[in-house]
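Engineer: One letter stands for each residue in the lines below.
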Amino acid sequence: MIVSKLALPRRTFLRGVGATLALPLLDAMVPAFGGLSAATQPVRRLGVVYIPMGSNITEWMPKQVGQLTELSPSLGALTPFLKQINVLSNLELKNAYSSGNHATANCTFLSGVKAKMTEGSDYEMGITIDQIAAQQLGKDTALPSLELATDFNYVVGNCDNGFSCVYMNTLAWTGKTTPLPTEANPRVVFERLFGDGGSAADRKAELKKNGSILDWVTQDMARLGRRLGPSDRTRVEEYLDTLREVERRIQKAEQLDGAALPDVLTRPVGVPADWEEHAKLMFDLQVLALQADITRVITFQLAREVSTRTYPEIGVTDPHHAVSHHQNSPEKLAKLAKINAYHVSLFAYLLEKLRATKDGDGTLLDHSLYLMGSGLGNPDVHDHTNLPIVVAGGGASTKGGRHIKYTNPVPLTNLHTTLLDKVGIPVERFADSTGKIDELLEPLTL
Amino acid sequence: MSRRWWAGAIGLPAFLLAAVVFLQAQPQQSSALASSAAESSERPLLSQYCAGCHNERSKLGGFVLSTLDIENVAPHAERWEMVVRKLRARAMPPAGRPRPSEAQYERLIARLEASLDRAAEANPDPGRTDTFRRLNRTEYQNAIRDLLDLQVDVSTLLPSDDSSHGFDNISVGGLSPTLLERYLSAAQKISRLAVGTPPRSAGSETIVLPVDLTQDDHFDGQPLGTRAGTRVAHTFPADGEYQIVLRLTRDRDELIEGLNEPHQMEVSVDGVRQQMFTLMPRPRSSPVDLVEPKYSPDQASDSHLNFRTKITGGPHVVQVAFIKRPSALVETERQPYLAAYSSDRTPRTQPALYSVTIAGPFNPTGIGDTPSRARIFSCRPARASQEASCARAILASMARRAYRRPATGEDVETLQSFYRQGRAEGSFEHGIEMALRAMLTSPAFLFRIERTPMPADGRSPAADQKWPIYRISDLELASRLSFFLWSSIPDDALLDTAVKGRLADHGELEKHVLRMLADPRADALVNNFAAQWLYLRNLDSVKPDTRLFPDFDDNLRQAYRRETEMLFESVMKENRSILDLLRADYTFVNERLAKHYGIPNIYGSHFRKVELGNDHVRGGLLGQGSILTVTSYPNRTSPVLRGKWILENLLGTPVPPPPQNVPPLPENRPGDKVLTVRERMVQHRANPACASCHQLMDPVGLATEHFDAIGRYRTQSETGTPVDASGGLPDGSTFEGALGLRKAVLNRQDLFVTTLTVKLMTYALGRGLEYYDTPAVRRVTRTAKADDYRFSSVILGIVDSLPFRMRRS
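So the protein lines, in turn, are chains P and V. The opening position of the first sequence corresponds to residue 0 in numbering that gives the first Met the number 0, with each subsequent residue numbered one higher. The opening position of the second sequence corresponds to residue 0 in numbering that gives the first Met the number 0, with each subsequent residue numbered one higher.
Next up, chain P with everything else stripped away, as it sits in the complex (with noise of 0.2 Å):
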């Protein structure tokens, strides 16, 4: 980044990439990727935003059943998106049920398996919807996926009764034991998705040397495994498909290099102070990276699990966490909602941007889907049942604005196993999975 050429106030440089960055250079950025995304047949994308501690259900489920011309005040802000989403009520975790309920509602939440209970480094979960999509839709993306948060994670002690903290600082898992970190630095992510400077040229000879180096350590992983007893082994090949992962992603890389980005790419400078615009400025590098085509699974939470931040901003000075053992208390209640809402509106941005951004035939936002929502029902019990959970995208392929409402709990990895389906990876079931969302697939059309 060049500073002497911004003659942009501060205000407006920070607002972001949102505001300066984002738009003009999305637009400038098309025709460069324009050979990969103008294909006629969709690309296939999968998002997660989470948001933590459940919510105020009474606010948040919408009082119409199936067709839906009105949302709810606290979805209130997706109401131009209506008919591009869905919002499911009386889905639940049975899983998540633990003496850790937050930390088990987040890791819980796309991997509908139970999480062992540990604080050592023994932890073990289960693979990741996020994880299983990006097994088929990353095979061709220079990043498989892009793990976000807003949140950094230097708070220590207890994460949750017992649990690591590893459970509550990430949604994604590839596998058993092997938990993605999250990056919550704007300028990190975008080095991440396009290096930090320099020609095309330039930036593939760093991803040669990269791969020169990983070639050999490589070899001197695999020696050193052969010269373990067998229970370290393990370790060692999980190394190695480390290596072979990161590898394959710098060939990838490789390639899309032949498609130039645009010198004029701005690094945000950090982290904004102002948390709307840190989070706003997360989207946006979430809609670079899709558009790009950098990546078509990104998991994000919004916030963390037993977060005590405060929302002055929408008049909440009290602590999210405090605020979420409502009681019933309607005072906490109705800051319980103003929290959702706030939470929702910023997922409206999202879907704006994704909307405003062309893709091939249709938008972004066409060829997504998103899932936003808690791996906590009611916050004040700990419960993980009616789930505040909302779908959105999909296009045409996706029937919107309604509220599909069950009598009875059902899994809410139903619903993943339907998402799975609907990004072109057919699952039968997953973790606890009793079937499908049928609602949210098409009619079939024989």
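30 Å max Cα-Cα, derived DSSO-like pairs, lysine-lysine:
| no. | chain 1 | residue 1 | chain 2 | residue 2 |
| --- | --- | --- | --- | --- |
| 1 | P | K115 | V | K58 |
| 2 | P | K113 | P | K175 |
| 3 | P | K113 | P | K138 |
| 4 | V | K188 | P | K203 |
| 5 | V | K188 | P | K251 |
| 6 | V | K188 | P | K138 |
| 7 | P | K337 | V | K542 |
| 8 | V | K188 | P | K207 |
| 9 | P | K113 | V | K58 |
| 10 | P | K115 | V | K85 |
Everything labelled a hint here was simulated from the structure, so no lab data went into it.
Guided by the hints, dock chain V onto chain P, whose structure is given.
Structural biologist: Relative to the frame of chain P, chain V by itself:
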């Protein structure tokens, strides 16, 4: 065992219940055998005080004692260790039930511990640290500092580490593709910066100051006669021009805050003033000014606050500050406690710095000498023919330090091939940079690997059970030592001793430990160990409600952190008793903190030691604002959080996690009678499901009620009634206020000493402690006791302990 044993709980986890049933079947014969042996045993005591609840029928707490044999503790060492912990904390029998006399307690504990220690000695188990442990963020940053003499900000290079057992060096076995990518790109950036290759294009670094920082006074370390600003230690990548850009804080209308009269700012590099700026207030009104402006419109904004200057490559300190105005005396007339940063409530009365950006280099002209280059280029080839041998010498010596062992021929050969690859594309230095980049990505650098020694004939160790436990090698010991005390790689002196195979000699080891504790690198024990143990790291995320606490700002937050760090540091550096952490009759303050604490006659921004005298509420950890604040909610105190924190981190007697679906404490509701926190706690304990644990936690926390949610001393509670700070410990003692609590905790000093030892050992070993580590912990505290628990005696004890020196294969 996955569950934390030490941080584990007073109740037993469910899966142990199953184990109890399973174990009951076995010990019958052994107890029959042993029963004839000693009738002088403590059996009657156990049956009198314990068996009433912990028998096979009642199984209270899921714990059965009646089937265990006190004459033969080895088969159930884990459960007997639990008994010892309960007895030591005087948590059992519970307060209020008939309890043994103090003498009986002590005798029983001594006897049990002696048997457990004997059993452990007969069958030692050092536990097993993971074979692969990745350097975490802090360790990586320190390793780069010590290897390359280079300061890097690791937070922009690597993702943060997950914390387990209270520390972020435990869960460090995994390596995700994302992480590996980050290590690759970190290696690229660092090798380039260290060698001094100018970047391909100018880059920039922006430092944003905390939004809630009050900028009315002089900041410690800033030039005299200045106010506020910041000090940035920055490594400049090359000789060349750099642009320095300042931004000031603005209000909602995009107007610069507090710019009501002219101000001046200065920017200096390494203490030499480079540039002065004048800021002019926007004129009050009038078209006249527009016709003939008395000010340049530029000066009313911050758009002119930038300049280019030539700076040489390497580390320099950039300082930005406002010139202190005489009229700034107004500041002192204001409420002394009021923080000034919030534009709607307490607006800034003077302009404040928002950010500093350093961009460059423009027109780089190469690089001269930097500390990193001096460290790397131990030789410089004069002719092309000398290059290969010089590269070899450089890489061999770097590899030794980076890999924490003598470099093998193969190590050097590999690095040389990378050198040749880089040399082919560019200069000699370019070749070294490439080799360095490979070195920093090598498993031998990124991982601490502790390998079970292989038998000479090459058979797999699993096939040969000759080494159930073994002594770790001297080189492994050197790394354990340096990562424990410095969170970094060993230095040459330590490696030399290890290579000679003499590190395990007691005298040598002690010499090195004392030398290392005196080294500035031992600050890692303060800002890495203590900052995690005492939750200082959480201070940054503490955001007290500004309406209720208008005097909280970042200045106070940083002062709190510094005070606690300095207390720990003083115990470490002056080799004081670790009990001084609780009972210190001194503390460290600057003017800001002294005002907050009500300590008179302290002026200026620098920290200094102040004597408090005996029995001062601010003496020791229990009176420190940092801890009192991180254990509060943004809007009120929490006796539960404070009680829990003290039980867990000072006394080592945590309570079990709450059962599921417990109704939370009712909050004050509008219209209801306003209750004090204490009154609401009473409501809480009325529920039996809550009472069993809250009666342990709450009284501990309630004793600190004289401190509000940001650690201010108060005599009135939120309802206007006098604070009632009566409290109690799980051992049944009762007392008044923080001083009473401190006495009661000191009365159980063995618990505190044990807890700190356990925390240090967890951190040193990089794993949670298990029951079989307990005899080693006892040994450390017992030896340290003879030396009044001096800091070094605890550290030496840990370094000398079985789990630190040995490993299960």
